[in-house]
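Next come the chains, spelled out residue by residue.
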Amino acid sequence: MILHGDGTKPIYIQIAEWLETQILSESIKSDEKIYSQYQLADMFTINPATAAKGLNILANDSILYKKRGLGMFVASNAKTLIVSKRKSQTLKQLVADLVQEANRLDVGEEELIEMIKAESNRNKGEPE
Amino acid sequence: MSVIKCEKLTKSYGENKALHELSLTVEENKITGLIGRNGAGKTTLLKIIAGYLRKSSGNIEVFSEQPFNNLKVSSNMIFVDDQMNFPTALHLKELLYVAKDFYPNWDMDLAERLFDYFSFHPNERHHRLSKGMKSTFNMIVGLASRCPLTIFDEPTTGMDASVRKDFYRALLKDYIAFPRTIILSSHLLNEMEDILEDILLIRKGEKYLHMPISDVKAYAFGIRGESSAIKEWSSDKEILHQKQIGDGSSYIVVTNTSYKLAKSAKLEQFTISPVAAEDVCIYLTRNEKGDIDHVFNRG
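In the order they appear, the protein sequences are chains V and R.
The first sequence finishes on residue 128 if you use my numbering, and the numbering steps up by one all the way, no holes.
The second sequence finishes on residue 299 if you use my numbering, and the numbering steps up by one all the way, no holes.
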């Protein structure tokens, strides 16, 4: 992943989101050790304190748990937590933006739903 | 533990005050970025910390001691800038061996690896190097010395883009392996902000901002919308920056506190965007005379 340094999103949030995606895709599984702040700092050329901030976001959400002297580990229900968090925050915001843009363009509800269906089918590889 | 402590530090050159009652603390093992416009007092501050210059008044302690003419400070500190003087009689490789005797933590292996990586020739001489190569060599000395307090005053002067990138990465990697207190001054916040922990912004010799870099990004918000609505909304708020876009709309930058105050107000009609740390610094340090467009406005 390449970090976006343009200031649209703080780096530590980008780190947290990247880790979440790693957990969702099971690159790092439940009860496995997650990258340390120093590994993340080296991987993305960022300050270790920034990396720690990203890790702490996930620890506060109970997606990670700490083992004294050993580092941070992925919680057993991490995937469920991430899914529900992203649904209620990220996805909701994306939908809000989508609806707002549709209103600006005078795209009606039905047309919008058709567009979503078409896109969804396209992703599944089925003909429209 | 704090490595540097200043209280009401003042430095005058004749009538001119380069630093004015500057108070700050720099904690151990952090990378701090020192930002400021030309002539803001960055180099003066760094040279006082390094013990090269004497303060005029106020107090400064480095490693709990007065830095000027102090052996403890100079043996634990390295000051890297583009005016570093090395004996002209010695070859580059010999300089590395001399440096080894000066700095107790010197890592010869790292110095030699960097020396080869950046394709220096052992028999070259420092004063004959190009500007960028000089900066690169100085940077190698700065890194390999592993001083508990490492000061880089505009280290990337003259370096090309790829050497700059290499420098920041090398600095970060060596810092991870051997944490130490590092101060970096530069005009180019953009390229170094990722590796910083704290940022220290000075303006006309005074401290303006000293906070974690992640907080700087949340310090201000950009708001775009219809001009009259923006004007009405922002009438009681601190505006850092203002710009007309086209005919009817404006873009303003307000501080986080104004933004929070206004969150209850109707903001749906506006587009809100984050502001890059570098832009925040530019807005905070611009002068009162207005921006460059003002110069051309003779009407």
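Honestly, the hints are just simulated from the structure, not real lab data.
Remember, it's a predicted structure, so these values are computed and weren't measured experimentally.
Don't take every hint at face value.
Taking CB as the label site, the calculated pair distances span [unchecked claim]:
#1 R/D236 x V/E119: 39 to 47 Å
#2 V/T45 x R/M84: 22 to 30 Å
#3 R/I272 x V/G108: 25 to 33 Å
#4 R/D101 x V/Q93: 57 to 65 Å
#5 V/N56 x R/E28: 46 to 54 Å
#6 R/R169 x V/L24: 24 to 32 Å
#7 R/G132 x V/R86: 55 to 63 Å
Mimicking EDC-like on lysine to aspartate or glutamate, the simulated pairs with C-alpha atoms at most 16 Å apart in a straight line are [to be verified]:
#8 V/K53 x R/D82
#9 V/K67 x V/D31
#10 V/K66 x V/E26
#11 R/K243 x R/D215
#12 R/K55 x R/E65
#13 R/K93 x R/E65
#14 R/K55 x R/E7
#15 V/K9 x R/E124
#16 V/K9 x R/D215
#17 V/K53 x V/E17
#18 R/K165 x R/D194
#19 R/K134 x R/D215
#20 V/K9 x R/E278
#21 V/K79 x V/E26
#22 R/K173 x V/D42
#23 R/K47 x R/D82
#24 V/K9 x R/D194
#25 R/K93 x R/E124
#26 V/K53 x R/E21
#27 R/K165 x V/D42
#28 V/K79 x V/D42
#29 R/K93 x R/D81
#30 R/K17 x R/E206
#31 R/K243 x R/E226
Covered by chain V, per the in silico footprint, the following chain R stretches (three or more residues, Cβ under 8 Å) [unchecked claim]:
#32 165-179
#33 188-200
#34 208-218
Just so you know, even glycine gets a beta-carbon here, dropped at the ideal spot from N, CA and C.
Comparing the hints with the structure gives:
1. R/D236 x V/E119: 39 to 47 Å: holds, 44 Å
2. V/T45 x R/M84: 22 to 30 Å: Given about 26 Å between the Cβ atoms, the range holds.
3. R/I272 x V/G108: 25 to 33 Å: holds, 27 Å
4. R/D101 x V/Q93: 57 to 65 Å: holds, 60 Å
5. V/N56 x R/E28: 46 to 54 Å: violated, 21 Å
6. R/R169 x V/L24: 24 to 32 Å: About 29 Å separates the Cβ atoms of R/R169 and V/L24, which means 24 to 32 Å holds.
7. R/G132 x V/R86: 55 to 63 Å: violated, 46 Å
8. V/K53 x R/D82: violated, 34 Å
9. V/K67 x V/D31: holds, 11 Å
10. V/K66 x V/E26: violated, 19 Å
11. R/K243 x R/D215: Judged against 16 Å, a Cα distance of about 24 Å means the pair is violated.
12. R/K55 x R/E65: This hinted pair holds, its Cα atoms lying about 14 Å apart.
13. R/K93 x R/E65: violated, 34 Å
14. R/K55 x R/E7: holds, 11 Å
15. V/K9 x R/E124: This hinted pair is violated, its Cα atoms lying about 45 Å apart.
16. V/K9 x R/D215: holds, 12 Å
17. V/K53 x V/E17: holds, 12 Å
18. R/K165 x R/D194: Holds, at about 11 Å.
19. R/K134 x R/D215: violated, 35 Å
20. V/K9 x R/E278: At roughly 14 Å apart (the allowed maximum being 16 Å), R/E278 and V/K9 satisfy the hint.
21. V/K79 x V/E26: holds, 9 Å
22. R/K173 x V/D42: holds, 7 Å
23. R/K47 x R/D82: holds, 13 Å
24. V/K9 x R/D194: holds, 13 Å
25. R/K93 x R/E124: holds, 8 Å
26. V/K53 x R/E21: Status violated; Cα separation ~33 Å.
27. R/K165 x V/D42: Holds: R/K165 and V/D42 sit about 14 Å apart, inside 16 Å.
28. V/K79 x V/D42: violated, 26 Å
29. R/K93 x R/D81: violated, 19 Å
30. R/K17 x R/E206: Holds: R/K17 and R/E206 sit about 10 Å apart, inside 16 Å.
31. R/K243 x R/E226: holds, 12 Å
32. 165-179: holds (count 5)
33. 188-200: Coverage by chain V holds here, the residue count being 6 at a Cβ distance below 8 Å.
34. 208-218: holds (count 5)
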